[in-house]
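Going down the list, the protein sequences come from chains P and E. In terms of the working numbering, the first sequence has 98 at position 98, counting the first letter as 1, and numbering is strictly consecutive. In terms of the working numbering, the second sequence has 159 at position 159, counting the first letter as 1, and numbering is strictly consecutive.
Note that these hints are calculated values from the structure, not bench results. Note that the coordinates shown come from a computational prediction; the quantities given were computed from them, not determined experimentally. A few of these clues could be false.
The calculated label-pair distances, taken between Cβ atoms and stated as ranges, are [what the hints assert, rightly or not]:
id	chain 1	residue 1	chain 2	residue 2	range
1	E	201	P	150	23 to 29 Å
2	E	186	P	150	22 to 28 Å
3	E	179	P	150	31 to 37 Å
4	E	23	P	150	30 to 36 Å
5	E	115	P	150	17 to 23 Å
6	E	118	P	150	16 to 22 Å
7	P	150	E	26	31 to 37 Å
8	P	150	E	160	23 to 29 Å
In silico lysine to aspartate or glutamate, EDC-like type, Cα no more than 16 Å apart, as pairs [stated by the list, open to error]:
id	chain 1	residue 1	chain 2	residue 2
9	E	33	E	20
10	E	107	E	167
11	E	25	P	150
12	E	196	E	54
13	E	148	E	167
14	E	138	P	150
15	E	139	P	150
16	E	33	E	116
17	E	190	E	90
The C-beta atom is built at its ideal place from N, Cα and C for all residues, glycine as well.
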Amino acid sequence: MVVESMTDFQKRVYTLSGEINRQIQERALAVREEGMPEPMQLKVAQVKPPRTKVKLDTGLDWPTEVKNFRTRVHDQDHDDTIMGSVADMRGPNVTITAISKGHREDGRDAILKGVRKDGRLTTDIDDLRILFSDKEGVGNEVLAGRIMRELGLSLYSEQGVVYPSPAERKKVA
Amino acid sequence: MMEDRSFVLMDRLPGWTLNEMTYLKPDVLEDNKIAIAYQLGMHAAFAYVFGVTDGFQTNYIFDPVTRILTRIDKEIFLSVPKNPGHALLDHDEYTQDVSSCELSNLKYIPSYRHSDSRGEVVLSFKAGFLDKYAEMRKKRERLIALVKETRDTWKRISSPADILAFDSETLRIVQVVGALMDHDPEKVLKRLFEAKAEVDRGEYAPEEDD
């Protein structure tokens with residue numbers, strides 16, 4: 001076993017930190033100029049879900065998992081919102097096939113399994129996750145993101161965060 | 001009625017959360033322990049200064065291709081302490097909150113958990129923490145201005161009933177962020193590790209009187 005001296009190790013950390021900072025800066029630049037580069041492109045659905053639309057459009061046969069999921073999010077008074085998101089994500093590209101519990105007790109990282117409609121194999125199943133939330137409606141995701149960008153900290157595209165209105169988004173863009 | 005747009009979905013997550021990797025990809029965690037620890041340190045510095053107190057393991061996504069660690073779920077933001085001067089004292093609630101999240105994430109790195117190379121991991125965390133703290137201090141005025149803009153945006157969006165109280169709170173937050181930024185980074189890091197040890201021993205911060 002090769003034992004690395006602390007000096008060598010510190011050099012390695014220094015080199016690595018420079019490399020990571022460079023990668024972050026490059027990526028931040030790419031996000032700023034072009035949006036996320038492939039294959040990191042994130043598909044983001046805005047939430048605009050009246051309950052009736054969900055009932056009409058999802059086509060889900062409400063398996064147990066879905067019912068449980070609805071119950072859980074209902075407790076947070078966000079069932080329409082999330083199920084609406086599911087409906088939106090189905091669209092022409094994705095069919096939601098299962099919803100399973102994520103790691104968080106509040107269910108906000110629920111894992112939505114979906115398959116694409118273009119005939120790709122089941123190995124192409126996508127994980128859809130609820131990653132951004134802003135229950136207070138104060139836009140923390142974007143506002144924190146601005147400072148994170150200033151500091152070169154990695155964050156997913158700000159396009160993934162939605163303000164109460166597009167006009168408000170423009171104000172802080 | 002205003003549309004509820006409080007949730008957004010993204011698909012094809014480019015990586016895994018730290019705890020997912022513990023079960024699914026422990027080798028990835030171990031292979032990238034230096035990169036992960038360095039970036040955890042960067043995010044911990046950001047969390048301490050800007051009051052981001054929920055840096056749990058599920059809120060960090062690591063992409064093994066780019067080796068970038070991304071912080072998600074920044075709902076809690078500018079949740080800064082009432083008295084930043086207390087943050088470096090024993091049994092401070094704010095420092096315990098930040099440390100119990102941010103430092104707990106290190107345990108997901110196998111060799112840190114088993115003490116094989118805990119020193120390497122801690123050194124990388126420290127390097128990231130100090131690097132980011134130095135950058136924040138360098139950009140102090142710009143960042144303070146962004147905090148003010150953030151609060152102004154909140155005011156526009158939320159239309160608080162008591163504008164004067166809101167503005168007073170803005171002033172307080174700006175002062176606190178500035179004060180936290182001015183702390184000695186080495187002392188902050190030391191205190192964070194001490195605060196984590198306090199929490200591990202069950203020595204929680206006393207309840208504050210309102």
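Cross-check of the supplied hints:
no.: 1; hint: E:201 / P:150: 23 to 29 Å; in the structure: violated (37 Å)
no.: 2; hint: E:186 / P:150: 22 to 28 Å; in the structure: holds (23 Å)
no.: 3; hint: E:179 / P:150: 31 to 37 Å; in the structure: violated (19 Å)
no.: 4; hint: E:23 / P:150: 30 to 36 Å; in the structure: holds (35 Å)
no.: 5; hint: E:115 / P:150: 17 to 23 Å; in the structure: violated (37 Å)
no.: 6; hint: E:118 / P:150: 16 to 22 Å; in the structure: violated (32 Å)
no.: 7; hint: P:150 / E:26: 31 to 37 Å; in the structure: holds (34 Å)
no.: 8; hint: P:150 / E:160: 23 to 29 Å; in the structure: holds (26 Å)
no.: 9; hint: E:33 / E:20; in the structure: holds (15 Å)
no.: 10; hint: E:107 / E:167; in the structure: violated (40 Å)
no.: 11; hint: E:25 / P:150; in the structure: violated (31 Å)
no.: 12; hint: E:196 / E:54; in the structure: holds (14 Å)
no.: 13; hint: E:148 / E:167; in the structure: holds (10 Å)
no.: 14; hint: E:138 / P:150; in the structure: holds (12 Å)
no.: 15; hint: E:139 / P:150; in the structure: holds (9 Å)
no.: 16; hint: E:33 / E:116; in the structure: holds (12 Å)
no.: 17; hint: E:190 / E:90; in the structure: holds (11 Å)
In terms of the numbered hints stated before, the structure departs from hints 1, 3, 5, 6, 10, 11, listed from lowest to highest.
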